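Undergrad: The chain contents come next:
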Amino acid sequence: MTTTSVEQWRGVAAETQDEVAASLSLLLRRRTRRLLADLLAPHKRAVWIYTVAIVVSVVASMAIPALVGIGIDRGIPAARRGDDVPLVVVAALIAGCAVLQAVLYRTFVLGTGRIGQRILLELRQRVFRHFQRLSLAFHERYTSGRMISRLTSDMDTISAMLDAGLDTLVTAVLSIVTVGTVLLVLDWPLGLVSLASFVPLLWLSRWYQRRSTAAYRRTREAIALVIVHFTESLRGIRAVQAFRREPRNNQIFGDLNEDYRRTTTTSFQLLTVYWPGIRFIGNLTTAAILLMGGLRVINGDMKVGVLASFVLYLRRFFEPIADVSQFYDSFQGAAAALEKLAGVLDEEPSVPMPPQTMDRLPDGGWPTDEWQGAVEFRGVTFGYRDAAPVLREFDLEVPAGQTVALLGKTGAGKSTIARLLARFYDPVSGEVLVDGVALRSLAEPELRRAVAMVTQESFLFTGSVAENIAFGRPEASRDEIEAAGRAVGLDAVVRRLPNGWDSAVGKNGAKLSAGQRQLIALARAVLADPAVLILDEASSSLDAPTERLVQRALRTVLAGRTALIIAHRLSTVGIADRVLVVDDGRIVEDGTPAQLLAADDGEYAALHRQWLESLA
Amino acid sequence: MPAGTVQTVIAAARGLGSRTLRRYRSLYGFRAYLRPFRWQMWVMFVAAFAMVAASTLVPLVIKAAVNGPIARGDRGAMVPVFLAALGLGIAECALIFVRRYIQSIAVLRVETNIRDDLYRHLQRLAVAFHDQWQTGQLLSRATTDLSSIRRFLGFGAIFLVVNGVQYVAVVVLLVATYPPLGLVVAAMTVPVIWLARRFGNEYSLLSRRMQDQQGDLATAAEEAASGIRVTKAFGRGALLHTQFVRQAEVVRGSALEMVALRGRFWALLELIPNVVMALVVLLGGLAVAHHAMSLGALVAFTTLLVLLQWPIIDIGWILSMAQEAATAADRIHEVFATVPAVADPPSPVPLVDPRGHLRFEHVSFAFPGADEPTLRDIDLDLAPGETLAIVGATGSGKTALTALPARLYDVTAGRITLDGVDIRDLALRDLRSRIATAFEDPVLFSMSVRENLVLGRPDATDAEIEAAIDLAQAGFVHRLPWGLDTRIGEQGLSLSGGQRQRLALARAVLARPSVLVLDDPLSALDVHTEAKVEAALARVLRDTTAILVVHRPSTVALADRVALLEDGRITAIGTHSELMQLPAYAEVLSVDALHSDPDDVAAGASR
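Protein sequences appear in the order of chains A and B.
Under my numbering, the first sequence has 152 at position 152, and the numbering climbs by one with no breaks.
Under my numbering, the second sequence has 473 at position 473, and the numbering climbs by one with no breaks.
Treat the hints as calculated values from the structure; they're not laboratory data.
Where hints are given, some of them may not hold.
Stated by the list, open to error - Beyond 10 Å from chain A on every Cβ pair, some chain B residues (computed):
#1 Leu-34
#2 Val-43
#3 Ala-50
#4 Val-165
#5 Phe-445
#6 Asp-485
#7 Thr-544
#8 Leu-582
What the hints assert, rightly or not - Taking CB as the label site, the calculated pair distances span:
#9 Thr-242/B x Ile-587/A: 37 to 43 Å
#10 Arg-542/B x Gly-463/A: 43 to 49 Å
#11 Lys-63/B x Val-185/A: 55 to 61 Å
#12 Thr-242/B x Leu-26/A: 33 to 39 Å
Just so you know, these numbers come straight off a predicted model, no measurement behind them.
Note that beta-carbon positions come from the ideal geometry of N, C-alpha and C, so glycine has one too.
Taking the hints into account, I'd like the entire structure generated from these sequences.
TA: If you want it as structure tokens, here you go:
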């Protein structure tokens, strides 16, 4: 495989793949292992300490049967002679071992539990932070349901592995090593035969590993699809019910759910073969040893007592191996989840923000609060994914403080211009600058002091009206929050709400109308107080008086601020200093509203006439 | 044992019984899902028992073979011994295989069926329910909680019984071997049950808290995912991250408490049988020394005692599993127990030959949990084919009013009738096929443009689809990469607000309903498109009853009459020109700033 094809699989490109080429599989595994090692690194010392604890604990519990034997062999004859001391001592030793074992076991459970939860928290943090860093282009492709699935279902799987009991693994490995040694010491030819069973065991494990990796990979994707559909249909429940979409939805969900069941069944059944398979190898070896050992005994090469203990030990050799296979199963499940998470973490933000602002202002100073807000598009070319470019060599200069209205048909490129200015995307070539500083060189806090945008959808988070406004500037005081609300006329709305500014907006703002939600979104922007404000269809759902109010407010808010306004309603244009009519990614008209009105054959003049008619 | 103690034990057992039953009631309620897999469950139980038996038998057979034929030097017996050992070994594997195989079929199907039913139920539950319940909480029930139940059904439930039987059998054998010592061992049951009960109580509270918190965390993830654009627009990723981590830390806190509780309980469960072993060696040894018991009996006794160790230790994880499953069942049951607030009537009135006569009679409406009604005493009478525009300020109740005819919410007082029948007496399917709504937030699903359009009428012909596209000026769909087959929505191509609105309009019109409810259907359209859509819409509205929520005079022109909604009441109703006399009406509708305030244009232009 060449480098480029591996490159292709970077990040989530491999998301939906379950059968993958060997070299890719290697890459994925290496990436997963790197993440795991990275997560474990800070806990290395603690892991060793708890391993020692559990080893001692296991040794203590293994000592108990031996002590019982000693008690019977030595303590009872002494007791018969009237000396109870050895028996009491042995019983006390057993009790002592029991307590030691229990205490250390508890230490281990607590300690590893703490480490596991640390790792889980760390992983949640990392993945969440990375999701926030990744650009909109990524999110539009990845879908919110998948992101939710990564942050919930995948984490559950990893948490299940952490709960699966690392002690089983440690206990098992310890038993295998000690019992294996004992077997070799007891009778080395038979011991070697027992150890030879590792050949088929490893072969079976390799088979299982390969198959279950693919199966679990499929499971992760299947549950993600279930979650995607689940969240999407609940979010759109009004439309679902109003258009009687339930039966079709049930059918789609049923299919996805069934698909998830099938993939889970596959991974289940792999273990259904693997686990008894391991036991079978063990039982076969036992039977063979019995046959060979029996013959050796009959031939006088071996004592019968040795064979008796050998076969009994053999059982304690194979049983832990079967336990390990169980643990391996939950590990494989978690590894598939970890692989998905590693894929997300590996995804590079296509709009990377430098941790610190790099560029100096033209006058040599650092950009601080003193943004003026002069906007420049310098030779910008941009297209979505593989589609034809929307903008070609686009140039635009907006002096600081100007309010610009952007008009044009759907698909003309208005929203693209807005999104590039908000740095949701980066131009393919060319540069977008504010006050002569390239947006690319700004760290996020700096960028958002310079530019903020009110999007078409006025998304509200669960919480109160005040909290939602505060999203624009979390450190704002209560007075500032209410002032921002009043500036857009939200006080009239809030007065009617049960708890005023502290009224809950409900899930996704369900308790409010679209107009009310837009007002909150606008108040957010007012509070954010950026040098450049972009309003993309930010007042479409407002009634006339409210819109008038908002526009009056905007006139105050936009004073001394650069603004880019996209609106279909020409009423909004009333507050603009300059109108740009965009068509097919080009500016076709540019001037003050009055100038453009004067040009009778212009697009703007035509729109205006039409609009006046619509008011009649 | 003194009488008092006996009574305490009985009382404790009874308390344990009723409380345990209460705690597991929801889980028990799901037994109906097991019914189709009755015989599979039986086979699983039998296989589990047989496997335990086979596993116990193998060492015995080996011992017998070694001490018998091999010790005797019987060469001829070697092959049968080998075959017997092999046969038992194969039987053991086969039993595991059968149990696991059936489990993979039956238990996973149970899980899948419950999830299917949960989803169906959620689809039926009224919008008011969904306004209240966070999607993340519902999602965690459908995923995390259901896997807890699956794990319990697959392993916990079976080994609870198997281990219980094994425990009782071994204890009975021990008592039979040497009653005084056997009773000592049997007495260990008391602390074990007492511990299990305390653990169960504490774990129950913790796991409920934990699972609720996990639901909250899922909600936080869901909101962060849905609100990614706003977060980006204001650069508030760090804020959300802080909030998310705070919640994740809360979950971690609960998880640690659970770990601590488990650690304590499990360690005690490990301790008890070992301490009993120490006692047995001491007391048994003394008994043997004083010839009250034979040495062979003591050896047998200690060997059997080892068999008790695992059933006791296993109680730890089985109980945790059972408790988590019980909590999960409670959480899922809460959803199932919610009766859809808006449902079909017991005997629906058939809707024959609908004409679209829609009446609101003294309708009042309050959102669930709200003190103040949103709509009060609304009286409206829409003759078939009539178009009524609703005009009102932001927050006056327009959107609530549009949700009532399709019964997304039910009125709290008064009634709405369609062709003289109370809409609550109609089958929901009939009602909603007669009333089509275009919401102010146009919702498109992740499917093809075509499927999105024909939502309301799956049998629409291509020509009809084309006509609806034309009407809504949604011709852009033909320029999408795969035309009408292009997948849109979240998992597909993203469209602009105006494009989505036009598709929602086309969808509503295509449904060819008797009553069309359009909530501000043209808000995101540019003037040019709006004029064209209005012209086309006028034709459709000529013979369809319609309620239009409008903000602009141009759209009002589509209506025969206009109702002015102020603060939840209809304060005026009449034609546009009649109502223009009312200052309140003129204020709400007039007349955008540019028009009413020409000075502003000049001011803006000259700045």
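Undergrad: Would you list, in rising numerical order, the hints stated earlier that this structure does not obey?
TA: The structure breaks hints 5 and 11; every other hint is satisfied.
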